[in-house]
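Asker: Each chain, letter by letter, is given below.
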Amino acid sequence: MRGAAAVLRHELAQRRLLLLASPLLGLLALAAPLLPGTADAGGADLRDTAVLFVALALSGLTALLLGSSVIGADLAARRLAFFFSRPLSGAAIWAGKLGAAVICAWSAALLALLPGLLVDVAAGAGGSLLYNALVPRPLLALWLGALPLLVLVTHFGGVILRTRSKWLALDLAGAVTTAAVALVTFRRLQYWAWLDPGWVARLAAAGLGLASIGLLAASAAQVIAGRTDPVRGHRSLSLTFAGISLAGVLAFAAVAVRWLAIGPQNLDRWSFAAVSPGQAWVALSGPAPGPPEYAASFLLHVGSGRSLRTRFARGTDDVFPVAFSADGRRAVWAEYDGAQESSPVVLLMDLDRPAAEPVRTAILERELPGRLAISPHGDRVAAVEGKRVSVYELAGGRLLATHSFEDLGEWPEPVFMGEDRLRILLSRWNVVTVADLDIPSRKLVAVATFPDLGWRRSLSPDASRIAINSPAGAVAVFDLAGGRQLARLSQQGARVRANYLADGRLARQVVGPDGAELVLLDGDGRRLPDSPRFRLPPGAAFGWIFQADADRLLAREDLESREGDLQAGWKLLDLRRGRMLSIGPRSLQALMPPSPLTPAGKAPLFTDGTHLLRIDLETGKRQLLGPARPFHSVYRPPM
Amino acid sequence: MSLTAVSVSTIAGSISPKVPAAAFTNAHAGAAAASPGAAARIAAWPLAAEAITVRYGRRNAVDGVSLSLPEGAVYALLGRNGAGKSSLVRCLLGQQRATAGRALLFGRDAWRHRATLMAQVGVVPEQPDAPPGVTARQLARLCRPLYPCWDGSGFEARLRRFDVPADRPFGRLSKGQQGHVALALALAPHPRLLILDDPTLGLDAVARRAFFEELIGDLADRGTTVLLTTHDLAAVERIADRAGILAGGRLLLDEEIERLKQRFRHIWLPSPTPGADAALDALSPRGRVRRNWRVETLVENFDEERFQAFQASPSGAGAEASPLTLEEIFVALTGEGSRQLAPGAEGDPR
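So the protein lines, in turn, are chains H and V.
Just so we're aligned: the first sequence equals residues 71 to 709 in the working numbering.
Just so we're aligned: the second sequence equals residues 2 to 351 in the working numbering.
Isolated chain V (complex conformation) (with noise of 0.2 Å):
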């Protein structure tokens, strides 16, 4: 379930050559696969992707990508646009079948048993794309004989709550009273994995705080297992216990957000003497900036005995270190500016 090899993206200014992929193993998997039985027990959880490649035509949109989440977890795979997070969303649900690889849920392959898993399966998609004449009611009355459970009251509630009209056409509503519909129908049969494909793209803040305030709810209430796609990062960091990045169609990272947000770190060096870089270097930095006489650094795997002992030392006089968001990490890995610069270059951005 590890990575063979990840390329890196840096913070804008900084740059570091790349990066062993085993930094980047999934945990989960990393733990399970050491014995026989847990890789099976892995195969068996809500979602799996094994190696999963996805080829249009010379281009690799999803490029070998693996990943797995156990019962009750809630991940946020994040990208930029044009990632292959929508493609491989699909292929985890079984619409797109993978050019390598395949994808398993509860166990099952998705493309050969897409059918009967999407009766466990709730899924929220990027764009609303129920029939635009029909009603939420009568999208209602298309799915409930199809699941084994349905229900109906929960989900007239859920309309009632995010005030949505059940007799307007599909077509007619805001595009955030649609993506409130869809998680209704999404969560209406009390589904096991819940797939949300970006699902508040476009939409105002309100409806999307009143889409995730739902979300939640429902994860307090059934504990379900869910797969985000968002570019939402403040979302996902009060949902989500785990994150994975794709970059280019590979997995750059998958980690549990709170261990990601500790192994990051900026270290600032306010007035740097000419010993400092090598100091630095000691740190393990993924790229430095230099900004007038400051230097920043992106320290990937922080190590706060080493940074007392940089601190302690003439060059480190002074240097601070803080913690970075989620967004910062995020664009610190897949950011535009730092692709600019060769790997392990300095540079100033200014």
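Okay, chain H solo, but in the shape it has when bound (with noise of 0.2 Å):
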């Protein structure tokens, strides 16, 4: 300490000239508003700017040239075994040393600034540029900063430059190889986890402070191991830089590595997981360890348990990210093309075969669809980005019709009807427009229009009715031909949700003080005379109901508390018998098709939090086909 203590007043005694200098030049700079031509400027905020000026660049100038000279030079000119000649520590001589240039640079800007400082305070700081520069704003605690590395930078290069021994050839291949690591790293990163502004300002600082650390190991190994070598202190400086850089950027590409490297087995929970209409695939996704927001999705082969990373666009949480087609054969999804807010590209991937892959398509989207739409027989999607709604080719990419809407308060919802017909939902200020598109003479003819009640809608499978949830617990039923209402289904002191199920037919559910209470009814919205009647104690309604096939529900019951709806588990309802059976544990969630009008199939898939696993409805057994993880749907059930 004694001996960098010794050093440190040494250097700064040999630049006293600077430290008196500085003042000077920031009262040379308080002189600016005299100059010619700058009448018209405001004399304080010239003067202020031109002294932040000067003590910006004098103590820049300062840091780079100290930082460049102040152990070079001496190592150049071999006067640095003067120093090495006394009972000083190699630690001393670089502490005091590197030391001094950053006092010196420091002092340079704070000297500079006195004078305009003085002014201002004289004339009343408040609203003076050079108050506001220093006080409210990190420029200049930045500025100072920045300064200490401004020095090691400028020493590196200045031992580097001098010295140039073979090291140079590892300073470039570090320099090389860290940077390209990094950015491979941070590209794969952006890529796959999406990193957000605040991650991405976050690893630039680390990365800032590994090069930090990395040029403040690397020039005390310089002076300390190098001594007065200075190819042996070229070495140990590249040496210890590139290992400390190499070091962090590995590990940085090792945890990067880590949380890319995941199946749907390591997410944190599942949160999208809609299963295919033929059953073989799983689409999911999920938040997985790592950064923040980092969330993960996969297509997930039931069969032979091979997951494909996909990189489905997170959509709204009412809209699941992947079309399937209604024969479950193909499915559809959009991935930005590169990182984050880069061009859309829309994938394709035919599920038929366990070892398929997806395929780019060469439909041109300007942003990324909001929702897709695939036809009935796969061949053609419908993609809807803003206000704008456009049918392709899938093969070819080719755009088939395409239109835009104005007004609209939500985004357009297409619904294949055949693959040449699009319904196409509109909402605009509380009412409902049904407009259908004829693909091949792409017109577009308005159908009807309807009051919307505000909440959720349940469409038949053919589209041709809608069942309207309102907020207050009724439910409109409306004939999608001519805009007719064909039932209003309310009861008093109770709330009535309904909602069609895959065979065309509507699921009602009454929930009032006594329990809830299940019946179906046609697509009208009449009475079925032989329905029968599932009920739910009090605290407990039907949340998502599902067709398995023609005589059985599946019925997830969710049980209201204050802290909001809780997954009871899930029921069979039996039509034929009446009879509603418990499926499994409350732990038990099941996966369906992101569409009730799906049917859920006679063996639905269902997650323990642990297994993926498939339940034979006919006789109860339960087949593991796999690790899972617990499913939290972020959707909001329909009922």
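Read the hints as simulated data drawn from the structure, not as lab findings.
Hints are not guaranteed to be accurate.
SDA-like, lysine to any residue: derived pairs with alpha carbons at most 25 Å apart [to be verified]:
#, chain 1, residue 1, chain 2, residue 2
1, H, Lys236, V, Thr54
2, H, Lys236, V, Tyr57
3, H, Lys236, V, Asp64
4, H, Lys236, V, Ala101
5, H, Lys457, H, Phe475
6, V, Lys176, H, Ala147
7, V, Lys176, H, Lys691
8, H, Lys672, H, Pro608
9, V, Lys176, H, Leu651
10, V, Lys176, H, Ala143
11, H, Lys236, V, Gly83
12, H, Lys236, V, Gly58
13, V, Lys262, V, Ala310
14, V, Lys176, H, Leu330
15, H, Lys513, H, Glu463
16, V, Lys176, H, His80
Build the complex from these two chains, which are given one at a time in their own frames, with help from the hints.
Answerer: Written as structure tokens, this is what we have:
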């Protein structure tokens, strides 16, 4: 410490002229308003800007010159031996010399600012530019923090350029390797993990910190281990810096690899999970261990356990990011082509092969489609981008038809009615308009308009009817062909909810003080005489309801509590016998198709939080299929 | 502590075969190496080099050099430019790490304990290395707190004796004055060991004389151990009691100067007879050269009795033996001209 202090004092004494010149230059800058042609500019602002400029420039120049010469020049001129011939440790020489360079740079900035500050204080500093730059904003603090880094960088450069030994090759190789590894890792992370700007800033700060530590250690090693030997010093500098930066970057790469090399079983939980209509694949995504907001998505082949990492773009909570064809043979989804916010690409995958790989379609969309709908045979796709609906041929990416809509409150909701017609639901100011886009003629035909009651809508499988659930607890059923209201389902003192099933019937639920009751109606909202009633006790209600087959429904029982809906378990509703069976414990969670209009099948998929399993609804037998995670759906149940 | 093999150059016009290294054993070390206790004692001497090798790329600048200096010794390390003196000195000062071997100062590894050891060592470098913008007084201000003992008045007195302005920046002093400041800085902390790396290089005769006068005075006062590398062989003869000669990075010779001078002789044979060569061979000459009718022979291990016997023989009639100066011995061992002749060959360098 005594040695470092002695060297520091000695170095500062050598630079006393600089310390004297700084306030003088600051004084000179005060005269900026007197320059010709500056009469129109605000005098105080111009003065302060000049002072600030002089302070920053002077300190930067000081850091640059001293950093590059305070040790490098002595080493090159063999004057460093003077210090090493004294009872001074290498650390003391390093700390004293570089510390003096940093102090000189700081002092140059502060001393150059001093006259301006004094003038500002005398003039009542409140609104002055200089005061603002110093006090509420971190400009000066950032600059003062950057000066030591500038000293270290220029010291590094000064040493390697003066020495020009063969270790320069290591410097270049190390720099290229480090930058390449960092860049590749960062781009992979950005590609797969969708780093938000805050995380990018944190990574940049970590990189800067690592570089600073590397430079600090390397400069110390250069002096301490290299002593008066320039080549050995260069070697120590290069090895230390390359070692630290490469180690840091490799650690970053290793962490990134760990984050990225994950499967469905590594997710914290499954948030989106849906089974393809053929029950062969599960599309899923969920938060994963890694940076904040990191989520990963997969297509999991149920039979083989093979998972395919995808980048389903995040839709809203209501929109599942993957569209399956009704026959379950095809899936389409949209991804960003590169990092987030890059141009989108629509991917297509044939699901009838376990070894299938996604294929990029030639579909060109300017923005990421918010909704996708695939035609029944999987040959066409409708993409909703903002207020525009476009229909493409999947095979060649050809645009078949497109239409833009104005004054929409929500995204258009497209539903294929066969291969050549697209029915589009448009929400406008509490009014729902239904229009059909005739794909071959590209003509849009208005079909119906009816009031939007403001809550969830449920389309019938043939898109000819719609049930609109209102927040008040009533349901209105409309005929989409003409907009006629077919039924109004409500009950005094109770909430009524309804949604269409895969066979076109309506499942209506009445939730009242006595509990919940579920009955089946026909597609027009009329009571079916032979429909059994299924009841749940007070505090419970049916959540999502799926049709397993013609005689069975699969329903989620939700418990209403103060904390919100809690899933109680899945029930099997036997329509023929009017019985309700519990399929499994509360921890069992079902993976259903993305649309309630797709039958869940006779052996639907479930997860118990650790395993993916299939339950045969006939026999109740369970078949373990592979590892899984707890599934907490982000969808709100339509019921 | 003995050398295993040494390549030897000879006087101009003469050449000799390689001489066994045992002939140049460091006497201090040789005496002490007899027992483990003595070896430990040597290691604790002010300076000891143990088989130091310094390699730059594929070239050995210093090649397995061992030497040691007891307390109070004044050792002159001689060698031509590029012989490896400065590299060796840097290793001894702990400024440069030897490729192999180690340097000990006061029994401690010079590389590992440099900072501590430098408190007992004064250094005068080959090239003045103090910061050019700093005055001698400011340099003293820097150094004073670093040493346990700092003779400030002695420092000032030396500057006055050398007529060096204490407040003039070091870079504006003459080369001689810079050397004097360096010596004053080296002597001020009363070092136990003084290492002078060609300190009078580039100094004029007056400055050189003043430098050595000051040094001799200090040696007389305090008995400091000194390692001196220099090309000023006349000065070495005045102050050093022992010398080593480096050539091609190897220590050719390490011996007391008086003994060295006794060992080397020129033998002049004015009119050689046909059997003179064979008779001269009996004196173990390092090499010989024929100048007109006269034969000039350098004998390395001169034996007075054998020489008298040679003189008394018919072949040695009129032969004379004369001593060599240190410079002549140095030239004989490291001179360039001798290398042009094949070992054992005779020649006429006229």
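Asker: Does each hint fit the structure? Answer for all of them.
Answerer: Hint check:
| no. | hint | verdict |
| --- | --- | --- |
| 1 | H:Lys236 <-> V:Thr54 | holds (22 Å) |
| 2 | H:Lys236 <-> V:Tyr57 | holds (13 Å) |
| 3 | H:Lys236 <-> V:Asp64 | holds (24 Å) |
| 4 | H:Lys236 <-> V:Ala101 | holds (22 Å) |
| 5 | H:Lys457 <-> H:Phe475 | holds (5 Å) |
| 6 | V:Lys176 <-> H:Ala147 | holds (16 Å) |
| 7 | V:Lys176 <-> H:Lys691 | violated (101 Å) |
| 8 | H:Lys672 <-> H:Pro608 | violated (30 Å) |
| 9 | V:Lys176 <-> H:Leu651 | violated (106 Å) |
| 10 | V:Lys176 <-> H:Ala143 | holds (20 Å) |
| 11 | H:Lys236 <-> V:Gly83 | holds (22 Å) |
| 12 | H:Lys236 <-> V:Gly58 | holds (11 Å) |
| 13 | V:Lys262 <-> V:Ala310 | holds (22 Å) |
| 14 | V:Lys176 <-> H:Leu330 | violated (67 Å) |
| 15 | H:Lys513 <-> H:Glu463 | holds (17 Å) |
| 16 | V:Lys176 <-> H:His80 | holds (23 Å) |
In this structure, the earlier hints numbered 7, 8, 9 and 14 are contradicted, and the remaining ones agree with it.
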